[in-house]
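As given, the protein sequences belong to chains R and L, one line each in that order. Residue numbers for the first sequence follow the numbering used here, so the first one is 85 and each next one is one higher. Residue numbers for the second sequence follow the numbering used here, so the first one is 85 and each next one is one higher.
Derived from the structure by calculation, the hints contain no laboratory data. Where hints are given, some of them may not hold.
Copies of the same chain look alike in the list, so a pair counts if it works inside one copy or between any two.
As the list claims (entries may be wrong) - Keeping only pairs whose Cα atoms sit at most 30 Å apart, straight-line, the calculated DSS-like set for lysine-lysine is:
#1 K226 - K383
#2 K130 - K111
#3 K226 - K90
#4 K130 - K384
#5 K340 - K383
Nothing here was measured: the structure is a model prediction, and the numbers come from that model.
Protein chains: 2
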Amino acid sequence: MYSWMKNVRQVEPYVPGEQPKCTDLIKLNTNECPYPPAPGVEKKLKEFKVDCLRLYPDPEASVLTSAIADYYQVKQEEVFVGVGSDDVLGTAFLTFFNSEKPILFPNITYSFYPVWASLYGIPYETPKLKEDFTIRKEDYFKENGGIVIANPNAPTGLEAPLSVIEEIVAKNPDVVVIVDEAYVDFGASSAYPLVEKYDNLLVVQTFSKSRAMAGMRIGFAIGNSKLIACMNAVKFSYNSYTMNQTTLALGVEAIKDDTYFKETLSKIMATRERSKKELKELGFSFPDSRTNFIFASHKKVKAKKIFEYLKSKNIFVRYFNQPLIDNYLRITIGTEEEMDRLFANLHAFLDE
Amino acid sequence: MYSWMKNVRQVEPYVPGEQPKCTDLIKLNTNECPYPPAPGVEKKLKEFKVDCLRLYPDPEASVLTSAIADYYQVKQEEVFVGVGSDDVLGTAFLTFFNSEKPILFPNITYSFYPVWASLYGIPYETPKLKEDFTIRKEDYFKENGGIVIANPNAPTGLEAPLSVIEEIVAKNPDVVVIVDEAYVDFGASSAYPLVEKYDNLLVVQTFSKSRAMAGMRIGFAIGNSKLIACMNAVKFSYNSYTMNQTTLALGVEAIKDDTYFKETLSKIMATRERSKKELKELGFSFPDSRTNFIFASHKKVKAKKIFEYLKSKNIFVRYFNQPLIDNYLRITIGTEEEMDRLFANLHAFLDE
């Protein structure tokens, strides 16, 4: 024991995500896109002028906020960017949740919300989802210090109707409501058009799933320009330069190719719909996913057993050893070929 | 006034650094390297496989921590990396300074230290530098919650002897002592060899200055493996993926080319020594810089006037409108040609 240890911040121990090193594997455990980024990304990378790396990047990330604003037809000052949506969400928690009242988010949702709340000393309550994993909107009508809703929710994959999101935002004009839309592009409805109507709505999205750029770490938020200005003030107060030169250049290319984006999405959604049929035939049940993953439970065989069997076959899906969801597997939608191999292995294991 | 504003975190307003848009300018205001990154960086970029961008980066940044460990001949588990040294320093503050006692850093030093202290609720005291801008080591021998020393110091450019740093570290075994060595490569002595002897020493460096990679945002720390493990635990607890795929790949190339690194440093140091002579002839005085900038004051003409004149000539240096240092200019060492133009303009203005 070192004597300086007494002043060290105590945190929950980190459980690293599985980073299998073998080569012939199927990785369906972290909701990455099975297809490469837009072709413009590669072109831009090859043309990139390395000499500019000696200079600090634009702290305001203007080329990227501008490209995102163009794509979503909002104003540039309504866009905030960060190092993945984790950075954007963390900054939003730090900026907006400085109240004595608890913030609210569902008891089953993205696991980082309680982490950021603890990090920044924010009290929180976690209303229970219904049995079918849907949100009970009335749980969010009581006094609170802010609200966070992942929509579609993780890891369930379920979408709350936009009308429910709007009602929650409308009933809470005195606090900021964050809608975390990491998976919205796979067939769900985004709340971002509502930012013109509600100054307390912050919509957060990411380039990591639908735009195949998990490796570049780009997340963004769309909200009223005053909300965004508050986030920028906080961010600039402690770290001005976070988005590097390559991220800015490649991010622009990833967002501007709408044709490629739509093609990628429709391939993934077609594979997802086919996967739903296959899983049903195999004896799985699951909430109706609007994401690039399916959260599935088998009627007879325990999730953990299936997880371990697949792993032994070099197929990695996600298993959460947690109350309420410990009999579910979160299966990322891969390519058709990857899913073929998954289903063949599931048949071999479950049909015996 | 929006009603959600009451819960918004209050921060010091951000004063953006000057990002002049004109083309024929000389930028000597942010201590960037005037030479490009190592040739291997460009080569790696051209070979980079864009398809990997769809995947999350290695959260442990192993290729980069390994390359840094190789270069400095330390163990990989003694190296921590972050998004610029600001991220590394901020994480170190959050990790190690959880005491009721104040942390200590000089009254003239890097301006982000009080910002991070405030952000994380860390009490702090700022012992005064001597008149000649040197540290009074005895100021750091009293009870405290931690110590941060920039060495060489910013913006003065002055190096404290390694023996003074060692004495401060040795007298404070119960707290972590951070030595921020952003500028150490330009002729100063690094404390990193002392990490084997002192488990409470954390040495922080950056790729932004000497390695010409400000645009990529790479900082790192070297310390006892237990110190580094504490930082990783905190970092992973709230944001696992911060170093993106291109950063990891290009960072490795930037650090492994020692020949190019040494050549760049000796060019910059030669220009600095010549610049000291020129500035002296022009009537400036300055602490003896061991960095890539000179912190200079003119015997007759106010710093602010010189700053404004140079700006009108498209030459940007840094002026701090702050008590104690408001008659100084911080002038980054550029190429020989850039410095020629600087001196010609200074002669035109000061000799008249």
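Results for each hint:
In this homomeric assembly, K226 and K383 never come within 30 Å of each other (Cα to Cα): the closest approach is 37 Å inside a single copy and 66 Å across copies. Within a single copy, K130 and K111 get their C-alpha atoms as close as 28 Å, and across copies as close as 27 Å, so both meet the 30 Å cut-off. In this assembly of identical chains, K226 and K90 lie within 30 Å of each other by CA distance solely across copies; the values are 18 Å between and 39 Å within a copy. In the homo-oligomer, the alpha carbons of K130 and K384 never lie at most 30 Å apart, since the shortest distance is 52 Å inside one protomer and 51 Å across protomers.
In the homo-oligomer, the alpha carbons of K340 and K383 never lie at most 30 Å apart, since the shortest distance is 44 Å inside one protomer and 55 Å across protomers.
Hint violations for this structure: numbers 1, 4 and 5, all remaining hints satisfied.
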